[in-house]
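Protein sequence lines correspond, in order, to chains A and B.
The first sequence maps to residues 0 to 157 in numbering that gives the first Met the number 0.
The second sequence maps to residues 0 to 469 in numbering that gives the first Met the number 0.
In case anyone wonders, no lab produced these hints; they're calculated from the structure.
A few chain A positions that, by computed beta-carbon distances, are all more than 12 Å from chain B:
| # | residue |
| --- | --- |
| 1 | V15 |
| 2 | V19 |
| 3 | R54 |
| 4 | S60 |
| 5 | T63 |
| 6 | E76 |
| 7 | M77 |
| 8 | N84 |
| 9 | K88 |
| 10 | G100 |
| 11 | K112 |
| 12 | T116 |
| 13 | A119 |
Ranges of calculated distance between the beta carbons of each label pair, as one might list FRET restraints:
| # | chain 1 | residue 1 | chain 2 | residue 2 | range |
| --- | --- | --- | --- | --- | --- |
| 14 | B | E278 | A | V22 | 46 to 56 Å |
| 15 | B | M308 | A | T104 | 37 to 47 Å |
| 16 | A | E28 | B | G380 | 27 to 37 Å |
Only a predicted model underlies this, so the values are computations on that prediction, with no experimental measurement involved.
For each residue, glycine too, the CB sits at the ideal point set by N, CA and C.
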Amino acid sequence: MRVEYINPFVESAYNVLQEVLSVEITRGELYLKSTSMPVLGVAAIIGLAGDVEGRVLFDMSKVTAIQIASAMLQSMEMEPIEELNDMGKATITELANMITGQAVTKLHNLGFKFDLTPPAIFTGDNMEIADTGVEALIVPMELPFGKIEINVAIRERN
Amino acid sequence: MKNTSEPVAHTQSDEQSQGARQRLGGLHQHQIQEQDDIETVDYKMVTFSLGGKDYGINILKVKEIAKFTTFTYVPNAPPFVSGVYNLRGDIISIIDLRVMFNLPAQRKAEGSAEDGLILRLDELMIGVVVDSIDKVVGIVSSRIQPPHPIFGDVNIKYISGVVEKDGRLYIILDVDRIFAKDESTAEKPESLPPAGAANAPELGEDVEGIEATSRQAAVGKNEEQLDLDFIRESLVTFRGFYPDGIADAWLNRRYSEWRAERSKLGLDVQLTGEDDADEFLRTFYSPYSGRFWGEDYAEGVKALLAQEMPKNINVWNPGCGKGYETYSLATILRMRYPDHILKIWAGDNDLLSISTAPNLVFGADAVPTLYEPYLVEAKNGFSFSSEVKDAILFEYHDVTHTNAVPNVDMIMARDLLSFLPPKQQASVLNEFSDKTSTGALLILGQNEYVSETLGWQHVGSAVVNAYRRL
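Next comes chain A alone, as it looks inside the complex (with noise of 0.2 Å):
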């Protein structure tokens, strides 16, 4: 994945987390992969076109979601979610909007330019997920509530 691609992702996911959880958030170590990979249980994904194609997915475990849901939620003078229901997906989903529009827009601002699909999420047990011939960087953001992370994969339209 190109180099200036990466920082716009990290750094998005990074602000947009502590700024709705308000919550202490670490990064894990960045690392690429290539074969197929499990999912946690909830996964939201989110299209790239124009220059290039890929995609960018957001996974975390069925407990993490709820709790980050509900976070959310009572930022918002809401009430908490006790199980994954249509509101709780929303959120998630708005969640990966976010961060995906915030790095997109940092991405425009150096040149690049994306355009985004509408997000979806999956939810289920023991998903997978593989894409062949696209390399996928992974970053790993350590939450309170458990552990999101952040799938990218970009290729350049040759």
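Based on the hints, put chain B in the right spot on chain A.
Just chain B now, with coordinates in the frame of chain A:
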């Protein structure tokens, strides 16, 4: 060759001679009904003991039971080869099963006979020495159970099964397997003194003298080989360096140098840590590794560039590190082909190095003069002008993953392949071939070699080590 005895038929009990008669009768498929067993006996084995445990060998594999007295000792044979034996004109080799399987062997008095069997395996005959022959036992083959590791000292892959008969447990050896193994080890000369030496009193003094010196020489050579093997291992451990097939020639050269250096300093030949490994690898790295190329190397690369190039020149530079070499190459290509569209895919899996590459800033004194026309002043020093910079796409990428580069006209991978395990080395080389067509240029590290059988012809000079796609 000398032999002093003939094998003698071994008869100890009625039961055994009965077994032997059946055997000599050619083992017709006639069925033998035993009184205490209503099932059909369809498997006979010669039983014997090894290290106090009972073993059996399928009687169809046994040619005869023999007593061996004197073997002719074979120099430089593996320790389990007792020697060769003249069996009525046929020379057969004798294997001591106890030595082969590391079982305790009773020492027989000098000159007394050893119990043994002569086995017939396909066309070959082979003699085996055992503790003592017991008898021939008939069993029901369906009663044979698969081997279990706890049953015997003999390596489990040489056991075809275990069977219980009259309260005794027999381990049935798979002689075909043992023999196959024997063949492969026999090809490799071993430096250990043969165990059969004691059985060769007839060898003259002078012969033994020659034998001893040649053995010493063999041991000395093996020690050097062993040291080199250790160094290989240490290089893998400390630095992930795999010279196999790509930098073997360098390694061997460096090793002789290293031995001399180390003995002069009174130090151990072995690499004891990362510092030693780095010191050993010091001469491996290519000139201007991780720096801007000097005039000489730049000229060397320029000399290899083709007259005619397509309008779009694509270059792949995996393992680009901080990008100094990529910028050097980009500058040279820009100079050489000012009107072409140049694109360099540069990647590295070291995030810290690669993240500074796109916006590399350096002091003016760090740059050889040839790059000057392409430099622009930046905030804290100099960087490359957009002419050069925009030609390069730096990626955080692992070359062993899927490579999304299109077909390229040139690949630069200096000192990269040697740091990949052999399997990945091969797949990356394959990918190099996939992404190029005839005439493409491949620049490798100064001490790296690719065989012509892989489709790359050496075209480099003394300065630049390069290959052209056939």
